[in-house]
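*Asks:* Chain by chain, the residues run as shown.
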Amino acid sequence: MHDFVQHIINGISLGSIYALIALGYTMVYGILKMINFAHSDVYMIGAFAAYYVARWLGIEAQPGIASLLMLILVSMLACGFLGFLIERFAYRPLRKAPKLNILITAIGVSLFLQYSGQVVFGADPKVFPEVMTDYVLLTFGPVELRSFDLTVLGVSLVAMLCLEFLIKKTKVGRAMRAVSSNALVASMLGVNTDKIIAFTFVVGSSLAGVGSVLVGMKYPKIDPLMGMMIGLKAFVAAVLGGIGNIGGAVLGALIMGLSEEMVVAYLSSTYRDAFAFGILIVILIFKPAGLLGKYSVEKV
Amino acid sequence: MGFLKRPFLAFLALAALGLIVNFGFNAYIQLIVLFILVNCLLSMSLNLVNGYTGQFSLGHAGFMAIGAYFTAFTSSKIHFLPDSLQLLEFFVFIFGAGLAAALAGFIVGLPSLRLKGDYLAIVTLGFGEIIRVALLNMDFLGGPRGYSGIPSFGPFMVSFLFASVWILICFFTIWRIVHSSHGRGFLSVREDEIAAEAMGINTTEMKVKAFVLSSFFAGVAGGLFAHFTAFISPSSFTFLQSVNAVIMVVLGGMGSMTGAIVAAVLITALPELLRPLQDLTGIDLRMVIYSLALILMMILRPQGLFGGYELTDLWRKYVRRSA
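For the record, the sequence lines run as chains A and B. Be aware that the first sequence starts at 1, since it is given in my numbering, and climbs by one per residue. Be aware that the second sequence starts at 1, since it is given in my numbering, and climbs by one per residue.
If you are wondering where the hints come from, they were derived from the structure by calculation, not from laboratory data. These numbers come from a predicted model, not from an experiment. Among the hints, a few may not be true.
[Claimed, not checked] Just the calculated beta-carbon pair ranges, DEER-fashion:
1. D124(A) with Y28(B): 41 to 49 Å
2. A269(B) with K96(A): 48 to 56 Å
3. F91(B) with V282(A): 37 to 45 Å
4. G247(A) with F80(B): 41 to 49 Å
5. D3(A) with H182(B): 53 to 61 Å
6. K96(A) with A16(B): 43 to 51 Å
7. V165(B) with G247(A): 50 to 58 Å
8. P144(B) with K171(A): 48 to 56 Å
9. L300(B) with D3(A): 44 to 52 Å
10. Y28(B) with G122(A): 21 to 29 Å
11. G247(A) with Y28(B): 18 to 26 Å
12. R88(A) with R301(B): 42 to 50 Å
13. D124(A) with I194(B): 47 to 55 Å
14. E130(A) with G154(B): 51 to 59 Å
[Unchecked claim] Derived coverage of chain B by chain A (criterion: at least 3 residues anywhere in the stretch with Cβ under 8 Å from a Cβ of chain A; other residues may be distant):
15. 107-115
16. 133-146
17. 154-161
18. 236-249
19. 291-302
Glycine included, C-beta positions come from ideal geometry on N, C-alpha and C.
Whole structure, please, built from the sequences with the hints as guidance.
*Replies:* In structure tokens:
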């Protein structure tokens, strides 16, 4: 029983990281109806930006919450800027192109970032500096709550609440929702759609930046291809919850995190990737728009 | 361009090409030529689903993997014909590989082809990954160590002709189907699903048919690939391989058979052509250039190289008129 509780804690911690990345996918999909395959590589660049800044500042000497927050900020800035550049130079010229072209471009950008990463950073894995010390914070009998898990949970919760506030309560958030529901009408009502789309990319990418530092802290091995699998899973999480839906992305990510942890614990660790996709397929067949997505019937 | 309509003439043309490569180039180039043939099969078969039927599949590598493993296992374990007829035996096994992949395509396609657009892409991606992970866990197929000791066809010319036969079967099957009433069914699904349904076309059936046929040839491509490399492992059939197939289709122009072939040649040869650059600069910039070229191509020529036209259409348009 206590094993089970322990796995739930680990699963939620993993799921909240997936959620941060899944949010970026879902926001971009909500507003542009495109799968931004490059998102996972933006996340990779964020991890490397944090790595180099941490080395440069000698963060390892003073681990603690302050240095973590600073690295998160650095990574958010780097990712946000990169997201802006990608949107401006790769996706904006294709705003009216067929869907498949945009998708191929996204894959192209993703490959470009991966391979440039291998050229610039080197293909060998690097060890992420120790940002915080990991210790057991609380114990309930045999169940332990580690400081890392709590930090991951806390930071991602704060980031998600900020996002919720931004989207629901601010003017720019309202514009984002407007563009997402109908870009043409929004532009007629005076919303600068290009600006809002760019802003969405910046916000989504900086959330991936937060995720990258948290992952770097928890699993301290980074390499230029680290984004691939985690990005795919985060994307699956976004689809699972109903892509384009913010709450759905978080729900989907938690399901993914928990199920992955359970599969590794009780079945076989080699099957965990297959299991993630298995859940997705089953859900999409029975509920084609995801758990919280609205299924719209096409009208002529 | 008459040979495009006559399989035997096309076979002779391919054989002549094979002879040139056989005597004019070294083994390295010959291997690349064989990979070009495999990729041609992949891009032509995916073109049937992506280009003609307008359904977006991202799991082609999975079907290729099934074909490759089927061929690898049967051809190294089973012998039912005398040695002199070994090629015929290989042909049967590769046909079987195609059937195995087609069966998988049917199982995957039946539920998932009810989905549309991006969702279909994700589900097929998911199935591709599941097939790969399942292969990783099958110990009798080598698991992550891969499967080695697959018999080869022998000299280059034999492999080339063997693959050419399959290329022609694939080309003419798809070409004839697309220009039949079935093909018009595929096209109508691509152009407007609702209108097609209103005209009495069972759209799901059309999609599943296209998908199964496409999986069949992907399985054949996988089988040939297994014979050519003599070693396969689940990491040969990753998501990137599926993406590569999609890139070939889009680059060639959706719904253009000859475009798919030209794109397959380009995509396979380009990284190799850029190899001298690597010697010059000392760093591996090949894939960086490749991905940049892809992005620029999509921005500057979104309809692909041929954009729905066939080589023969262009021939008629430019060469005949000026003559």
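*Asks:* Now look at each hint and say whether the structure bears it out.
*Replies:* How the hints compare with the structure:
1. D124(A) with Y28(B): 41 to 49 Å: violated (28 Å)
2. A269(B) with K96(A): 48 to 56 Å: Violated - the Cβ-Cβ distance for A269(B) and K96(A), about 32 Å, lies outside 48 to 56 Å.
3. F91(B) with V282(A): 37 to 45 Å: Since the Cβ atoms of F91(B) and V282(A) sit about 38 Å apart, the hinted range of 37 to 45 Å holds.
4. G247(A) with F80(B): 41 to 49 Å: violated (59 Å)
5. D3(A) with H182(B): 53 to 61 Å: At roughly 56 Å between Cβ atoms, H182(B) and D3(A) fall inside 53 to 61 Å, so the hint holds.
6. K96(A) with A16(B): 43 to 51 Å: holds (45 Å)
7. V165(B) with G247(A): 50 to 58 Å: Between V165(B) and G247(A), where Cβ atoms are some 55 Å apart, the hint holds.
8. P144(B) with K171(A): 48 to 56 Å: holds (53 Å)
9. L300(B) with D3(A): 44 to 52 Å: The hinted range 44 to 52 Å is violated for L300(B) and D3(A), with Cβ atoms some 57 Å apart.
10. Y28(B) with G122(A): 21 to 29 Å: Given about 28 Å between the Cβ atoms, the range holds.
11. G247(A) with Y28(B): 18 to 26 Å: violated (55 Å)
12. R88(A) with R301(B): 42 to 50 Å: violated (20 Å)
13. D124(A) with I194(B): 47 to 55 Å: 53 Å Cβ-Cβ, so the 47 to 55 Å window holds.
14. E130(A) with G154(B): 51 to 59 Å: At roughly 57 Å between Cβ atoms, G154(B) and E130(A) fall inside 51 to 59 Å, so the hint holds.
15. 107-115: holds (count 4)
16. 133-146: Coverage by chain A holds for the segment 133-146 of chain B (4 residues, Cβ < 8 Å).
17. 154-161: violated (count 0)
18. 236-249: holds (count 4)
19. 291-302: Coverage by chain A holds here, the residue count being 7 at a Cβ distance below 8 Å.
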